[in-house]
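Colleague: One letter stands for each residue in the lines below.
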Amino acid sequence: NAGVTQTPKFRVLKTGQSMTLLCAQDMNHEYMYWYRQDPGMGLRLIHYSVGEGTTAKGEVPDGYNVSRLKKQNFLLGLESAAPSQTSVYFCASSQPRQGLFLSNQPQHFGDGTRLSIL
Amino acid sequence: DAKTTQPPSMDCAEGRAANLPCNHSTISGNEYVYWYRQIHSQGPQYIIHGLKNNETNEMASLIITEDRKSSTLILPHATLRDTAVYYCIVRLAGNNRKLIWGLGTSLAVNP
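Chains as they are written, first to last, in this note's numbering: chain A, 1 to 118; chain B, 1001 to 1111.
Misleading hints may appear alongside valid ones.
[Claimed, not checked] What follows is a list of derived Cβ distance ranges for each label pair: (1) A:83 <-> B:1076: 38 to 46 angstroms; (2) A:53 <-> B:1108: 38 to 46 angstroms; (3) A:17 <-> B:1067: 47 to 55 angstroms; (4) B:1008 <-> A:83: 25 to 33 angstroms; (5) A:69 <-> B:1017: 46 to 54 angstroms; (6) B:1076 <-> A:86: 21 to 29 angstroms.
[Unchecked claim] Quick partial rundown of chain B residues pointing at chain A, CB under 8 angstroms, derived from the structure: (7) 1043; (8) 1044; (9) 1049; (10) 1053; (11) 1102; (12) 1103.
Derived from the structure by calculation, the hints contain no laboratory data.
In this text the structure is predicted, and so the values were computed from the model without any measurement.
Note that beta-carbon positions come from the ideal geometry of N, C-alpha and C, so glycine has one too.
Work out the full structure, taking the sequences as your base and the hints as a guide.
Modeller: Below you can see the structure in the form of structure tokens.
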């Protein structure tokens, strides 16, 4: 049981290049998320998905696109990378609220992708 | 969602209890308090969460004041492996897309 797996772990891009970050989870979770983490700032939500085939914008969606074609995978794409997108990217997954209980399930995170754009 | 205030850093001796405070004075009645931690170069790890009752699990205890304006995460016997940044987050029940992350408390456990 690997949990949440992110690939690649590191990548260096040149400005204008494109790439896709892959997130895979084996916990059968409905919800998946992409965050970025920058020095001196907390994690910020880029996009999220509440189920296969659905995506929605988070706090900082500009410059990114996502797809959730399969329940277990959530892809984050950079069509034309910019230096401002240099960051550590984290993927997370969770289950939705269970039954009548109001408590949400916690989010489980991958170990991140460190992306540098020159 | 309510915001939280945490001290930027704390120290704790190995084997002693680590008590990490969090203020969330604007919390509303249906917002939960969550604690995560992030060990260097790893993804955040869930620790515990609660609404108004104190909670305990195998990792930690969460004490929430009666007025719910503050809480304390307790690591009963801190080890060197507990050195990490600890985040206190309040989140509206049913609102999975909104975890407002602050800068957390950097806890150093010293031998």
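Colleague: For every hint, state whether the structure bears it out.
Modeller: Going through the hints against the structure:
{"no.": "1", "hint": "A:83 <-> B:1076: 38 to 46 angstroms", "in the structure": "45 angstroms, holds"}
{"no.": "2", "hint": "A:53 <-> B:1108: 38 to 46 angstroms", "in the structure": "45 angstroms, holds"}
{"no.": "3", "hint": "A:17 <-> B:1067: 47 to 55 angstroms", "in the structure": "52 angstroms, holds"}
{"no.": "4", "hint": "B:1008 <-> A:83: 25 to 33 angstroms", "in the structure": "28 angstroms, holds"}
{"no.": "5", "hint": "A:69 <-> B:1017: 46 to 54 angstroms", "in the structure": "47 angstroms, holds"}
{"no.": "6", "hint": "B:1076 <-> A:86: 21 to 29 angstroms", "in the structure": "39 angstroms, violated"}
{"no.": "7", "hint": "1043", "in the structure": "3 angstroms, holds"}
{"no.": "8", "hint": "1044", "in the structure": "5 angstroms, holds"}
{"no.": "9", "hint": "1049", "in the structure": "7 angstroms, holds"}
{"no.": "10", "hint": "1053", "in the structure": "11 angstroms, violated"}
{"no.": "11", "hint": "1102", "in the structure": "5 angstroms, holds"}
{"no.": "12", "hint": "1103", "in the structure": "6 angstroms, holds"}
Hint check: violations occur at hints 6 and 10; the rest are consistent with the structure.
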